[in-house]
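Construct the complete structure from the given sequences, taking the supplied hints into account.
Chain order of the listed sequences is H and X.
Sequential numbering of the first sequence, starting at 4, is according to the numbering used here.
Sequential numbering of the second sequence, starting at 23, is according to the numbering used here.
These are calculated hints, taken from the structure and not from any lab test.
Misleading hints may appear alongside valid ones.
[What the hints assert, rightly or not] No farther apart than 25 Å at their CA atoms in a straight line, the calculated lysine to any residue pairs in the SDA-like style are these:
| id | chain 1 | residue 1 | chain 2 | residue 2 |
| --- | --- | --- | --- | --- |
| 1 | X | Lys24 | H | Leu111 |
| 2 | X | Lys127 | H | Leu143 |
| 3 | X | Lys127 | H | Ala63 |
| 4 | X | Lys127 | H | Val187 |
| 5 | X | Lys127 | H | Ala186 |
[Unchecked claim] Now the in silico label distances, taken between C-beta atoms and shown as ranges:
| id | chain 1 | residue 1 | chain 2 | residue 2 | range |
| --- | --- | --- | --- | --- | --- |
| 6 | H | Glu56 | X | Leu170 | 36 to 42 Å |
| 7 | X | Leu114 | H | Asn54 | 23 to 29 Å |
| 8 | X | Thr178 | H | Leu178 | 37 to 43 Å |
| 9 | H | Arg114 | X | His160 | 19 to 25 Å |
| 10 | H | Ser120 | X | Gln124 | 53 to 59 Å |
| 11 | H | Asn54 | X | His63 | 46 to 52 Å |
| 12 | X | Gly196 | H | Arg51 | 48 to 54 Å |
| 13 | H | Tyr115 | X | Asp128 | 49 to 55 Å |
| 14 | X | Met163 | H | Leu118 | 19 to 25 Å |
[Stated by the list, open to error] Just a few of them, taken from the derived set where beta-carbon distance is under 10 Å, the chain X residues facing chain H:
| id | residue |
| --- | --- |
| 15 | Tyr117 |
| 16 | Trp123 |
| 17 | Val144 |
| 18 | Ala149 |
Glycine is no exception: its CB is placed at the ideal position from the N, C-alpha and C atoms.
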Amino acid sequence: MSESAVQQPEAKQTPGVADLFFTFLAITMSGFGGVLPWARRALVDKKRWLNDEEFAEALALSQFLPGPNIVNLAIVVGQRYRGALGATAAALGLLVAPVAIMMVCGALYERYGGLPSLRNALAGLTAAAAGLLLAMVARLLQPLLHARRLPALLFAITAFVAVGLLRFPLYWVLLVLGPLSIAVAWWRLR
Amino acid sequence: MKGEDLVLALAWHFLLMSLLAVGGVYAVMPEIHRQVIETRHWMTEQQFADLFAIAQAAPGPNMLFATLIGWHVAGFAGALVTSAALCGPTCLLTYGVAHVWQRFKDAPWRIAIQAGLVPVAVGLVAASAYLITRAADHSVMAVALTALTAGIAYGTRINPLWVLAAAAAIGFAGYV
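As structure tokens, this is what we get:
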């Protein structure tokens, strides 16, 4: 154990570097099909490092910036308590074990991925994984299905057609649709 | 391509994806799909769907399918570089912005940027779902499994892990 793991009795709500690492490790290892709900449970309900409002704000920042949202969240929380070291510890806690597990899975897949019995299992697994993704899309679409949000829905559909069906490069689609959509949002917010 | 060239190509591609991933990594999945399958021929559509499904069934953030892609293309170094490239730039950006977030979180321009980008990101995630579904559903049974899983995940609070396990078992038994 490093020195930072030693807990001051009065410092219950300011986690140490090791604390950050192990908490995000626990979060990530319980997070199947999405880590975010587990992060909330651990950080707000169990550890009480953040209250509801602080969590919502950290999440808003994580979602506003590009990249894996949950990794951004780990950076925000880690930095809040222990600066650069805390941010590094939280992000590593989140990533080290799953990345190692993925490497083992990758090696197994390369070696046995062609076996008929494994091919069968993967056929079932991919069909279900596609279903999970479709459910996520349904949830994301729901807020756009109001007459008032018609412009937003049209931008979503255009992005889907351009990238999913026409297979245009993402750069061009973002470069054209992004500013247009932001301009429309700006105009409607005023 | 030689090993080092592959790793460099992966690093460059996923560094770009990191910064383009507005609304999370599923928004850049169609572009990753286009690059690794259509442009560079690193894998088949089937393999891409397999790797995505394996990542879904494992614990951790959903960016991990990129780690698997890295492994498939260039082994250990590929997996490591891909994971670091996808997280690195945005980690630094988040670290830098967190200080000043309070100052502009309520600014109209920030709210407009988010309000404008969210619908585009939704369309991109929908494109990901379309590409994965197209690669996964080659039989009536597979379509039924996809629909059933979507319904369960959307309508109930059952842990998706059980649904994935059941689907893998049904597949293993040779029904898909």
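Consistency of the hints with the structure:
Proposed proximity of lysine 24 of chain X and leucine 111 of chain H is supported: the alpha carbons are some 23 Å apart, at most 25 Å. The straight-line distance between the Cα atoms of lysine 127 of chain X and leucine 143 of chain H is roughly 22 Å, inside the 25 Å bound, and the hint therefore holds. The hinted pair formed by lysine 127 of chain X and alanine 63 of chain H meets the criterion: a straight-line CA distance of about 9 Å does not exceed 25 Å. Only pairs whose Cα atoms come within 25 Å are accepted, and lysine 127 of chain X paired with valine 187 of chain H is accepted, the gap being roughly 20 Å.
Proximity of lysine 127 of chain X to alanine 186 of chain H is assessed by CA-CA distance (about 18 Å); at most 25 Å being required, the pair is judged to hold. Between glutamate 56 of chain H and leucine 170 of chain X, the C-beta spacing of about 38 Å keeps the proposed range 36 to 42 Å intact. Judged by the Cβ atoms, the range 23 to 29 Å given for leucine 114 of chain X and asparagine 54 of chain H holds: they are separated by roughly 27 Å. One distance hint, 37 to 43 Å for the beta-carbon pair threonine 178 of chain X and leucine 178 of chain H, holds here, with the actual separation near 40 Å.
The hinted window of 19 to 25 Å between arginine 114 of chain H and histidine 160 of chain X holds, with their beta carbons roughly 24 Å apart. Between serine 120 of chain H and glutamine 124 of chain X the Cβ separation comes to about 55 Å, which falls inside the hinted range of 53 to 59 Å. A beta carbon spacing of about 50 Å between asparagine 54 of chain H and histidine 63 of chain X agrees with the range 46 to 52 Å that was offered as a hint. For the pair glycine 196 of chain X and arginine 51 of chain H, the beta carbons lie near 50 Å from each other, so the given range of 48 to 54 Å is met.
Judged by the Cβ atoms, the range 49 to 55 Å given for tyrosine 115 of chain H and aspartate 128 of chain X holds: they are separated by roughly 53 Å. The hinted range of 19 to 25 Å is satisfied by methionine 163 of chain X and leucine 118 of chain H, whose Cβ atoms lie roughly 20 Å apart. About 5 Å separates the beta-carbon of tyrosine 117 of chain X from the nearest beta-carbon of chain H, less than 10 Å, and the hint is met. Residue-level restraint check for tryptophan 123 of chain X holds (minimum Cβ-Cβ distance to chain H is 5 Å; threshold 10 Å).
For valine 144 of chain X, the shortest C-beta to C-beta distance to chain H is roughly 5 Å, which falls under 10 Å, so the interface hint holds. Proximity of alanine 149 of chain X to chain H holds as hinted, the smallest CB-CB distance being about 3 Å (cut-off 10 Å).
Taken one by one, the earlier hints all hold for this structure without exception.
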